[in-house]
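As a plain string of letters, each chain reads:
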Amino acid sequence: MNTRIINGSLCFFLLLSSLIADVYAKTATSHDFSALKEQYYKDHPGKGKYKDHWEPIEIQKYWNPVDFYQPPPSVPQMEVNREQCVECHQALTPGAYHAWRKSTHANLDKIRKLNPANVRHYKKEKLAEIEANLVELGILKKGKELEDVSCIDCHGSVGAQSIRHDKELVMPDRVACGTCHQGEFAEAEAEKQQEWPQQQWSKGHPSHAMDWKANVENAVWAAMAEREVAQGCDMCHYQQNKCDGCHTRHTFSAAEARQPEACATCHNGADHNEYENFMLSKHGTVYQTQGKKRWNFEVPLKDALTKGGYTAPTCQYCHFEFEGEFSHNLVRKVRWAFNPTPAIADNLDHPWFEERKEAWVNSCAACHSASFSKAYLDTADKGTIQGLAVEQEAKKVVQALYDDGLLVGQATNRPAPPAPEKDAPGGFFQLFWAKGNNPSRVERLHVDMWEHDLIKHYKGLFHVNPGGFTYTEGWSELMRGYSEIMDENTRLRENTDKPAKNTAAALDSENFVDNGIRYSLGAVLMVVGITLIRRRKTNH
Amino acid sequence: MNTRIINGSLCFFLLLSSLIADVYAKTATSHDFSALKEQYYKDHPGKGKYKDHWEPIEIQKYWNPVDFYQPPPSVPQMEVNREQCVECHQALTPGAYHAWRKSTHANLDKIRKLNPANVRHYKKEKLAEIEANLVELGILKKGKELEDVSCIDCHGSVGAQSIRHDKELVMPDRVACGTCHQGEFAEAEAEKQQEWPQQQWSKGHPSHAMDWKANVENAVWAAMAEREVAQGCDMCHYQQNKCDGCHTRHTFSAAEARQPEACATCHNGADHNEYENFMLSKHGTVYQTQGKKRWNFEVPLKDALTKGGYTAPTCQYCHFEFEGEFSHNLVRKVRWAFNPTPAIADNLDHPWFEERKEAWVNSCAACHSASFSKAYLDTADKGTIQGLAVEQEAKKVVQALYDDGLLVGQATNRPAPPAPEKDAPGGFFQLFWAKGNNPSRVERLHVDMWEHDLIKHYKGLFHVNPGGFTYTEGWSELMRGYSEIMDENTRLRENTDKPAKNTAAALDSENFVDNGIRYSLGAVLMVVGITLIRRRKTNH
Amino acid sequence: MNTRIINGSLCFFLLLSSLIADVYAKTATSHDFSALKEQYYKDHPGKGKYKDHWEPIEIQKYWNPVDFYQPPPSVPQMEVNREQCVECHQALTPGAYHAWRKSTHANLDKIRKLNPANVRHYKKEKLAEIEANLVELGILKKGKELEDVSCIDCHGSVGAQSIRHDKELVMPDRVACGTCHQGEFAEAEAEKQQEWPQQQWSKGHPSHAMDWKANVENAVWAAMAEREVAQGCDMCHYQQNKCDGCHTRHTFSAAEARQPEACATCHNGADHNEYENFMLSKHGTVYQTQGKKRWNFEVPLKDALTKGGYTAPTCQYCHFEFEGEFSHNLVRKVRWAFNPTPAIADNLDHPWFEERKEAWVNSCAACHSASFSKAYLDTADKGTIQGLAVEQEAKKVVQALYDDGLLVGQATNRPAPPAPEKDAPGGFFQLFWAKGNNPSRVERLHVDMWEHDLIKHYKGLFHVNPGGFTYTEGWSELMRGYSEIMDENTRLRENTDKPAKNTAAALDSENFVDNGIRYSLGAVLMVVGITLIRRRKTNH
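Note that the protein sequences, when read in sequence, are chains A, B and C. Residue 288 in numbering that gives the first Met the number 0 is what sits at position 289 of the first sequence, and the numbering runs on without skipping anything. Residue 64 in numbering that gives the first Met the number 0 is what sits at position 65 of the second sequence, and the numbering runs on without skipping anything. Residue 317 in numbering that gives the first Met the number 0 is what sits at position 318 of the third sequence, and the numbering runs on without skipping anything.
A hint or two may mislead.
[Claimed, not checked] Okay, derived cross-link-like pairs now, EDC-like style, lysine to aspartate or glutamate, Cα gap no bigger than 16 Å in a straight line:
1. B:LYS292 <-> A:GLU297
2. B:LYS281 <-> A:GLU255
3. B:LYS292 <-> A:GLU255
4. C:LYS281 <-> B:ASP243
Hints in this document: simulated from the structure, not taken from any laboratory.
Whenever a hint applies, use it, and build me the whole structure from the sequences.
Below, the structure is given as structure tokens:
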């Protein structure tokens, strides 16, 4: 009894758990859905603001079906019914058929028979909600059960009995899935509401919900003559258009989408190596040694630690969570977002950032103490700012070379990038377009620094992968880029009347022993912070 | 009934399925086997055409046992029988013993007891065939059952009761495995029949069946003084010699060899990153999230989608398949093969290439629509050609520097590579040999472009890994290589009487805005194709 | 009978198996433990010899708790008992709670009920030993059973009934774990006894047992202003401090720690890519295709091949083993250790190295023949020396540029690194610190050669990953680095009065065809060895 009383006084964090609610239980109403659907199409950019600069190629009708898809001439010129779709495609595309055949969509009755002890029982409730939604939309008759979700429901329209194969065939978009899965659709669309306090990003960016817009309104993407290469970007940047980026067709499995590998196709590599960082972190190795065999991915995320048996987080466990709730809105704790910039570094003490950091502390505190969580997040912030400082110094050097006209071939062989892209030293476009001496070597070095190395540094820090921000990626790579740029700078300025501004002579008033950090106000404040922390530690 | 009639008219692809036959049921006859065996040894190059330039080191007797293996002096100088092999090696090499002990080879009776409902039942039929083969070869008495496949059968000869350990011990080659597994041996050897319509590759290349020949007849491999490094190539290039590259000794599991990781040791990395591309593609992430737990790799590939439960393809599912049949001949759908070259790019409209592309469309169509499949394959072809164009432009720049004698150290410090290798700018040998200023920096940049970046670009495209051909590997890396080479070109020509031919001045008649594509006839035709497609799309 | 007699004469290796003993059965006595504990703290460097150059930041109290941890002010200012810890943390940190709840620590009774047939039965014996240890230490009353291992046992002291949360809370160190797990603690600490015959490394280095000392006594680590980046090194270099690097809290699973991924967080990447090499080797692909599903990681390593069903080795199987015994002392077979150097290459014929190589032959011979094992290990040694030769030649070129004052910016813009680091061309510090033209480009190229490429080359060879030492990493990367350095050398010496010493002219007495190997006595002896082997092979 005494124990209980003391617990009562101890557990000031306990309140948090009461905030945990099954957001899957929240269903958008039919009215909401109509508004949501309308807004979805209104927000969708189609070909976007650079529409006059590019034309879709054939494959793009699959990445953005609403704008580009037409049934191919090879399909039967006739009316086909529910059963015919299935029967014929069982023979035509057996892989797709069998994936669907084993899926929940084809086995709704199994869901209805789940007993409450089953970890998948929540699907029974969800099915009831979906049926209620469909009744409200007039698609399902009240009192009737949905038989199955078949080819025609997604590739025609929900509940259709037959369609003209050559005229009415569609590739499903977010709205198609959202017609039944209204709650998830609403959650996912909520990402568009994200607003940055100092307009570091425009409203709703970056997010899955606006990734197609980000894609088509990227100047170099629209400018590239090589449309077949450019469409490679679409292969990830289509989450705004469709839901099968995570719930692969034709299984559409929630359990699949809860596993880290589900994120891997898009979140790996040069400038978004979250997957590698996770897998190599302690979190990831526990997932690999324990999780792959023992954790139950059929349980909803809210039950992961209890019924699911998770002993480490997954991508989904941290990024779907916000203040104890799980949702398809993944940007509620975003702070540094896609890449570290001074505009973020200088404003981390703004309440918007502070509150989000607090939300992260709470997330980590599911397993770690709040002290540990805060200490690590502070470390990651400061380490990120340290990487940014290196990149910013290099940036100035490259900009100065450009301003002084000293880049290799700058005067003789620097074609402009194709419209709508515009020339700039070290521009993003230089990763995807090159001609003559645009970019020059030193520029590409800088692009790789800010777009690859700095991002990897930051992602390595926040995903707790030590090699990802010290050695293999991150800091040591930033050091290499910096050295290469300084070397180029010294050479390019040799025998010119524009000597480098960062030589020992020019910088003689600076202390080379204790350098490496020279930058904006925010960073200076940070340094003061570190000093204070260190002093506090010394007194321990 | 109506349904059935309509299906009949709809399912024009259905015919395809009737083509699916179990090639495992086809057994080479004893006569075929003798001929095959004879041909196998006749085709085998031994030390190859550069035989005078290199001597095998000790370890190579394991990579090519037929030519180099002799029992080591440490083995017992005596006759040993079947049981002795097993008993002694149970103590000597317990790992090998236990792997075998659990294998099918040691448990033939379990195979005989499989009932038809078991997915492994096909092994019972296979065992019967093998026994029939052995009877025909006079190794097994008619009516007798094979007891087991034991040490002595593979390391002596099939059915041997005893061998002289110090004189008759062998390391098994393809023929040793093929003596029992005649059908698979015949399939695998069939790769040698591949002929390229415009001699892009010599007959039978590239293939597993001739990979040892490719290895030893590669000039730099034979030329390298560092034999211990060179033999590293053998560690993959031995499939022509042995079967345990895929069916690891001493389990020799078909189920193991059906999993993507079985291909990983050889198909990863610098110039053959198929494994990474697969694993990061949607195909690979489905394999990782669903397949590793739920798919049954004991089922033969032909039953993968049905009994095996595959919901995505594996390496094996696509590359063993040809027109609905599965075989150990993996080159039947090869088109771009090892690396993209103009000789392939310019001939894609030749029926040989067209038919193979059609075969690929059919493979993809197991799960995807034919329209999708064709659209994607067209995209991959065109994207590959776009990458090739960048590399070819860079190649000309490097060649011109060489022709003009402007490479760093070209006149003062350029030793020739050792025989039988010959000097050339940007040659393959420069990946494995370097001395003084051979290669110069700009050459190595070009080798890396054609041998790493372009290949990765192409492999990324065809394995549907977006980051593999836009960003992390492929296109963006080609852009970097191109920029570096252009930068070098401008510098190396500064203050010489040989100005660059691709400066803005020299190229003033070209439109820099819409450039990036300048190449061979094939590519021009392709551009026309794109234009036509775009026009068609615009009318939608 | 005859069989048995022959076996008797054949199995001269059999003796080896009798050496296999369960080291887990060996328990340090209470007296040993006290001495061990005392010695542990005596050996521990705390802040190390550069203590005046750095101050710990907040997060470091978790990487080295004994020196830096203090309970945070936010914890309850009160006495808490065993039950309260658990009850409150079930709510506060449910992830940590549930991990522990399912662990052996929370389920000792289940261990006691294991019957001898269970592969985990060895844990029952271990529990009895632990209880005996605790009785001897006066922590457990004789005849009493340990109820569980709860929060308070590790975060207070073993057997404590209550602690002052704000004063007595600790983060456990090696001694805390070692109090119960005395045998494992003793094994792990034994790494400190390693002495190198020619002082290639100082006593006890490199090892897990002294990795914190290696960390804090690394000059650039102490010198870096960016403490948040530097602490990233601590995130692996803390094994000297704690045991949860392998046995992740709060499961502390032996089965987890036996899986290769458990090593991945630290043993991946730039200069220790053992994990990648293993996973891509045949060993690793067998683990991935067969092991992840079928091997039983609950069995102790000594039973791995039999009861565990391993058909290939894991990291742990080879590195914990020495002469048939398994122990937490992982350095008993170390030869090349962290990186190849002439001081090792030149002494491989010393008995210390020869005996260790023999121990490796025995390890490999668990599955492979001794002839194969020896042939491969010889190959790996020679291949490593070949890589070292390339790096050493490049090193001389960079050193000469430095000595001649020809590095870019050497006279005008070369700040010294911060104390306690000292300037040197191509120094380790240049991976982590850069300013102005320190390092210059050619230096960083060399650092990457010796610290990344050469190490990867060596690790690729010894972990049997062909692409890891021929192509993707290793040799081909060394060739690139060499070419780049030679290119720089030629350029930097152009128009100076200090021409390169390795030009064709300067080297005209050397044969460029058969070059590539010029180095120390040890290597020359090696070449003679190769020649002899080749001659022997030719006579076959």
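Which numbered hints are broken by the structure, listed smallest first?
Violated hints: none at all, because every hint is consistent with the structure.
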